[in-house]
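Q: Full structure from sequences and hints, please.
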Amino acid sequence: EVTIDIPTEMQGVVIEKLSKRGALMISTKTHNNHLRLIFEGPTRGLLGYRNQFVIDTKGEGIFSSRVIGFKPYAGAIQKRNTGSMISMAKGKALAFALDNLQTRGTLYIGPTTEVYEGMVVGNTAKGDDMVVNPTKGKQLTNMRASGSDDKVYLAPPTKISIENGLEIMSEDEYLEITPKSTRIRKKYLTELERTKMTKK
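In this text, residue positions in the sequence shown follow this note's numbering: the first is 934, and each later residue adds one.
Among these hints, one or two may not hold up.
The list that follows gives simulated cross-link-like pairs (lysine-lysine, PhoX-like), each with its CA atoms no further than 20 Å apart [claimed, not checked]:
no. : residue 1 : residue 2
1   : K991      : K1092
2   : K1025     : K1069
3   : K1023     : K1120
4   : K950      : K991
Computed Cβ-Cβ distance ranges for the label pairs, DEER-style [said to hold, decoys possible]:
no. : residue 1 : residue 2 : range
5   : T961      : K1113     : 42 to 50 Å
6   : H964      : K1025     : 48 to 56 Å
7   : T961      : G1070     : 53 to 61 Å
8   : S997      : G945      : 17 to 25 Å
These aren't lab readings, by the way, just hints derived from the structure by calculation. Built from N, CA and C at the ideal position, the CB exists for glycine as well.
A: In C-alpha cells, the structure reads:
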C-alpha cells in the first residue's frame, strides 16, 4: 500500500507513473489544495520510483509505503524504453569521449572511472543498445591553432543505487554490487558472445 500527499496540480503525473507500475488507486482525499492518494500495487513496481517521485513533485510530495500482504500476480510491469551504452574497451573513461557520448543519452560514469568490456556506462535516448568507447582520447597534433582546444563540460552522471539499478537493468544484464561501487553489466561481456546469443 502506498500513501502519497501531493499538491493537487501534480496528481496527473503521479497517477500516470504509478498506473504504469501496476498500482491501483484505492482512495483520494482533498484538503487545503493538497491531495492524499492511496494505491495498492506490487512491491516490484515501486523499485526505483522514489527518485522519480521527488523529480515529478519537485520535492513537494510525501511518499510512504507498507506491505499489506500477498496478492495474485499483477502482470508484467512496463520496462524502460531506452537502450544501453556498452563499453567496448577496458581502461579509464576520458572526459573527451564522455563529452561525445552525453549527447546520445544519460551517463552513469564520470571521467577517470575504471571501465571494462561489457560494462553499461549509460543509456541511449533511443531503444537500441549501442557499443561505445569511453576510453577514447583526443587525437593529438603538433599544430596548435588559437582557440582550437575547447573545454569539455560534462553533466553530472546518474549514480546507480541498488534500487534504481534493479529498475533500469534489462533482462540481458546483471547488477554488479561491490563494496566500492554498483554497476550494470551485460550477461555476455564481448560483442561476439552477445551476437551469438541473439542468433540462438
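Q: Provide an ascending list of the numbers of those earlier hints which the structure does not satisfy.
A: none
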